[in-house]
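*Asks:* Chain residues, written in single-letter form:
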Amino acid sequence: DSGVTQTPKHLITATGQRVTLRCSPRSGDLSVYWYQQSLDQGLQFLIQYYNGEERAKGNILERFSAQQFPDLHSELNLSSLELGDSALYFCASSVDLTGELFFGEGSRLTVL
Amino acid sequence: AQSVTQLGSHVSVSEGALVLLRCNYSSSVPPYLFWYVQYPNQGLQLLLKYTSAATLVKGINGFEAEFKKSETSFHLTKPSAHMSDAAEYFCAVSPSNQAGTALIFGKGTTLSVSS
Chain A
1 DSGVTQTPKH
11 LITATGQRVT
21 LRCSPRSGDL
31 SVYWYQQSLD
41 QGLQFLIQYY
51 NGEERAKGNI
61 LERFSAQQFP
71 DLHSELNLSS
81 LELGDSALYF
91 CASSVDLTGE
101 LFFGEGSRLT
111 VL
Chain B
1 AQSVTQLGSH
11 VSVSEGALVL
21 LRCNYSSSVP
31 PYLFWYVQYP
41 NQGLQLLLKY
51 TSAATLVKGI
61 NGFEAEFKKS
71 ETSFHLTKPS
81 AHMSDAAEYF
91 CAVSPSNQAG
101 TALIFGKGTT
111 LSVSS
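Residue numbers (our numbering), protein chains in the order written: chain A, 1 to 112; chain B, 1 to 115.
I should point out that these hints are in silico values taken from the structure, not numbers from a laboratory. Predicted model, so just to flag it, every value in this text is computed and none were measured. Ideal Cβ placement from N, Cα and C applies to all residues, glycine included. A few of these clues could be false.
Straight-line alpha carbon distances no greater than 25 Å define the calculated DSS-like cross-link-like pairs of lysine-lysine that follow [to be verified]: (1) A:K9 / B:K107; (2) B:K58 / B:K69; (3) B:K107 / A:K57.
Short derived list, chain B residues pointing at chain A, Cβ under 10 Å [to be verified]: (4) Q38; (5) G43; (6) L46; (7) Q98; (8) I104; (9) G106; (10) K107; (11) G108.
Work out the full structure: start from the sequences and follow the hints.
*Replies:* Shown next as structure tokens:
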């Protein structure tokens, strides 16, 4: 158990819909990272938050957004969903010392 | 910019054989390097990490990796494969001068172990 909690574990929705994925980092970790894993693209970094502030952006689509709340949990919002958004979405947290990330078990999104 | 290339998307070995998973990195500054393992339907778990200390790094489950600056490599090895090692393995890099930067992952190598 990494200590990172993600909900929901599975989500099935239709094209055009909007979903929210939730992540609770390890106790004491200030950084939260979101990654998308798909068969064709591999593990793609989406966005990072540090203590409530956006710190870095990767390959995140404009239809996607995220935020980190005062209690340090984070949410990833995916809107106007397309078939190609079907993937496993991982949240990770870190202590920001040597870059080691601790991953949750992921949220599997299926868009039909 | 940092990047990693994992050579071979699929490696198959027999139980008891040597495991060698290859990773080459590109980094404009001294890197931190990582190997993660992902078992089916699970998240990624850290196997080992290189953070500019010893070049030979020992990790969990008998795995180790050697940082070779001259070859820009960080290959993962295990002397004797076990059936439980079957999983997907990811090499990752981050710049050592930017603690807390997101890791950049390779495309992964699936390890199959046959009896």
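*Asks:* None of the hints should be skipped; say for each whether it holds.
*Replies:* Now the hints, each set against the structure:
no.	hint	result
1	A:K9 / B:K107	holds, 23 Å
2	B:K58 / B:K69	holds, 17 Å
3	B:K107 / A:K57	holds, 20 Å
4	Q38	holds, 9 Å
5	G43	holds, 4 Å
6	L46	holds, 6 Å
7	Q98	holds, 8 Å
8	I104	holds, 7 Å
9	G106	holds, 8 Å
10	K107	holds, 4 Å
11	G108	holds, 6 Å
In summary, the structure agrees with every hint in the numbered list given earlier.
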